[in-house]
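As they're listed, the protein sequences go chains P and E. So for the first sequence, the working numbering puts the first residue at 138; every next one is plus one. So for the second sequence, the working numbering puts the first residue at 85; every next one is plus one.
Rather than coming from a laboratory, the hints here were simulated on the basis of the structure. Treat the hints with care, since some could be wrong.
[As the list claims (entries may be wrong)] So the derived list for chain P, only partly shown, Cβ under 7 Å to chain E, looks like this:
1. F262
2. W271
3. V391
4. G394
5. G395
6. L399
Quick reminder that beta carbons are idealized off the backbone N, C-alpha and C, glycines included.
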Amino acid sequence: MTDVITLPGTGAGVEGPHEGPVGGHHAEGEPTGFLKWITTTDHKVIGMSYMVTSIIMFYLAGIMAMIIRAQLVTPNNSLLSFHVYNELFTMHGSLMLYLFAGPFAFGGLANYIVPLQVGAPDMAFPRLNALSYWLYLGGSITMLMGFLTAGGAADFGWVAYAPLSNAVNSPGAGPDVWILSLVLTGFSAIFTGVNLIATIFYLRAPGMTMFRMPIFTWNMLVTGILILIAFPVLTAALVMLFCDRHFGTHIFSVQGGGVPVLWQHLFWFFGHPEVYILALPYFGIVTEVLPVFSRKPVFGYKGMVFATMAIAALSTGVWAHHMFTTGVVLLPFFSLLSLLIAVPTGIKFFNWIGTMWRGHLWFSTPMLFCIGFLLAFLMGGITGIFLAAPPIDFAVHDTYFVVAHFHQVLFGSAVFAGFAGFYYWYPKFTGRMMREGLGKAHFWLLFVGFWLTFTPQYYIGMEGMPRRVAVYPTHPGLEVWNQLSTAGSVLIAVSFAIMLVNLWVSWRKPIVAGDNPWDAHTLEWFTTSPPPHHNYTHLPPIRSERPTWDYNHPDAPSIGHGGRVHEHHLLNGHDGDRVGATSAPTNGHESVEPK
Amino acid sequence: MRVEALLLLGIGFFFGVVGLIYWFTSYEDAGFLMLMGTMLLGLVPGSYYFFWHRRMKDSRPEDRPTASIEEGAGVVSSFPHSSIWPFLFGLGAFTTLLAFAFGVWLFLPGVVVILAAVTGFTAESRRGGQV
Numbered sequence: 138m139t140d141v142i143t144l145p146g147t148g149a150g151v152e153g154p155h156e157g158p159v160g161g162h163h164a165e166g167e168p169t170g171f172l173k174w175i176t177t178t179d180h181k182v183i184g185m186s187y188m189v190t191s192i193i194m195f196y197l198a199g200i201m202a203m204i205i206r207a208q209l210v211t212p213n214n215s216l217l218s219f220h221v222y223n224e225l226f227t228m229h230g231s232l233m234l235y236l237f238a239g240p241f242a243f244g245g246l247a248n249y250i251v252p253l254q255v256g257a258p259d260m261a262f263p264r265l266n267a268l269s270y271w272l273y274l275g276g277s278i279t280m281l282m283g284f285l286t287a288g289g290a291a292d293f294g295w296v297a298y299a300p301l302s303n304a305v306n307s308p309g310a311g312p313d314v315w316i317l318s319l320v321l322t323g324f325s326a327i328f329t330g331v332n333l334i335a336t337i338f339y340l341r342a343p344g345m346t347m348f349r350m351p352i353f354t355w356n357m358l359v360t361g362i363l364i365l366i367a368f369p370v371l372t373a374a375l376v377m378l379f380c381d382r383h384f385g386t387h388i389f390s391v392q393g394g395g396v397p398v399l400w401q402h403l404f405w406f407f408g409h410p411e412v413y414i415l416a417l418p419y420f421g422i423v424t425e426v427l428p429v430f431s432r433k434p435v436f437g438y439k440g441m442v443f444a445t446m447a448i449a450a451l452s453t454g455v456w457a458h459h460m461f462t463t464g465v466v467l468l469p470f471f472s473l474l475s476l477l478i479a480v481p482t483g484i485k486f487f488n489w490i491g492t493m494w495r496g497h498l499w500f501s502t503p504m505l506f507c508i509g510f511l512l513a514f515l516m517g518g519i520t521g522i523f524l525a526a527p528p529i530d531f532a533v534h535d536t537y538f539v540v541a542h543f544h545q546v547l548f549g550s551a552v553f554a555g556f557a558g559f560y561y562w563y564p565k566f567t568g569r570m571m572r573e574g575l576g577k578a579h580f581w582l583l584f585v586g587f588w589l590t591f592t593p594q595y596y597i598g599m600e601g602m603p604r605r606v607a608v609y610p611t612h613p614g615l616e617v618w619n620q621l622s623t624a625g626s627v628l629i630a631v632s633f634a635i636m637l638v639n640l641w642v643s644w645r646k647p648i649v650a651g652d653n654p655w656d657a658h659t660l661e662w663f664t665t666s667p668p669p670h671h672n673y674t675h676l677p678p679i680r681s682e683r684p685t686w687d688y689n690h691p692d693a694p695s696i697g698h699g700g701r702v703h704e705h706h707l708l709n710g711h712d713g714d715r716v717g718a719t720s721a722p723t724n725g726h727e728s729v730e731p732k
Numbered sequence: 085m086r087v088e089a090l091l092l093l094g095i096g097f098f099f100g101v102v103g104l105i106y107w108f109t110s111y112e113d114a115g116f117l118m119l120m121g122t123m124l125l126g127l128v129p130g131s132y133y134f135f136w137h138r139r140m141k142d143s144r145p146e147d148r149p150t151a152s153i154e155e156g157a158g159v160v161s162s163f164p165h166s167s168i169w170p171f172l173f174g175l176g177a178f179t180t181l182l183a184f185a186f187g188v189w190l191f192l193p194g195v196v197v198i199l200a201a202v203t204g205f206t207a208e209s210r211r212g213g214q215v
């Protein structure tokens, strides 16, 4: 069965001529149940599958992190053997980076949201999209299989440096399945990147020019390009590593005339853009959420777009700042480019604050998570500037200082901003609200737990404790700071248990969300929640970067890109808990006014 | 089309410049070659888009700020409603790759499933529907 999609030649407010399978009705002979899931090519179903799978990976990796923190409570703890400890931190990093943070953003949220934001009926290549998911799922299963092999899972860290990762130092099938898993997920990411770029270039609605696209879509476009730059290099490097392990090549081994540092060059040429593949989508989420809950258009739209491009471009030229201590890289070049990244990131921070400035802030759960992101990423970013200076990097390289830095960056983006997006779009995904009270409890516990976990690690690192060690000396400072860090991680775990309760409550006792519970700006809030098959029965005219707002507030003065403040329909005195209870007439000309 | 083309060409230009600076300051070949590859990743599709941008007489409705929704009316594309082949292709790729870790015998089922899936994909596209 094929759907020939015809855009309705009708204006806004008129039902389009969608009949038959297009309108969400099932034609004869359509698969149902499990068969329906495995044969789906709907970007929304695939996006949800991605999100569910990646959140499961997040919880698994989180459990591993808890076990790691339990081992570090006392200096010479014997809870875990060194080998198991190495497996756990390797798999924690691999699951979080390869199977949660990236796929949750570009496979889950972007897959669901980008076609909706540009007014497209689906992704450009729906079957390729489905294939991406199945490769990702296969890759995830493959990686977890490592624990079932005789020698245990991979234990060389998520970066798999040569020569530690060769067949002599890391024998067994566990490292092999780790490599194969990344080949599968790498291809999955590449396909998703191609799909996102093609969708954004070719399936935009009429009037949706490039500079009217929501910032989230812009960031996903740039992320898609970064994926195409970075992931093929990783896949190639993994194939070389596998050949070194099994087929007798000597690409990364000194004995055969190879160059071990080449692995670091190849890996970090992938690895540093990867950091921004993990960060840019989350910047996009924050840029969507802040204007909606500040009741203002985004401040400095074009500045945001060009800052995103600048971050992406510079991030591809800084790979060797992870390799300062190898002694064979050009320090001034990489240090300079790394420091330059602070400029576009600073522009973004300025614009985010400018968006909130004199806005009417509504401290709902997504907004709180975004503010949590701003603080966390600021701290992580500033310590990143420290690390970009070679003298400081020489002192703290491979210590807990680096661990604290990248956890503040990545936890800040993937968790704070990621779950901001999840809370923000959850009504669109399901047509239901999450409970605000539970969401705020989740946020505050997470916020306190986050700072308590990672701030002490800066000190631990400056005291000289290396990363990736299962035991440490009974130095007076180290023990108490490690215990504080573990206490913080318990708070984080509790906060994510609360999120599960929130999902459970929302599932058992639904509060109907309506189409646009936040009175949001962008196109995805124009359609129903959840959207019908092929997304839109009709579209509003697109005359600015926030068409849904323009349609719902026709009397409001229109805005350009300048981000001038227009105060209209201000929603004062929100009681967040009851906002969700209004199943608001959202395509009508009313804002959601809580009772 | 113009913004898309300039975006990609800009990537190519930027990495060409950075790559040359990198080469003449470090003479390190791995990074230089990867930067040159990135330059091509921008220049090749960017030139193609630019060619089409120059060749198209009217800009597309999605590139015109004043376009109405009606201007986009017509067939967008033909989308498969459901397809089993992506799942089977994924299963085949999964099995084939596991052969590298667990034994050559896994190749046989893996390759058979992949071939079946590729055939199915192609036939589905030709007939324009579920096969």
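Inset, instruction - Any hints from earlier that this structure breaks? Give me their numbers in increasing order, please. - result: 1, 3, 4 and 5
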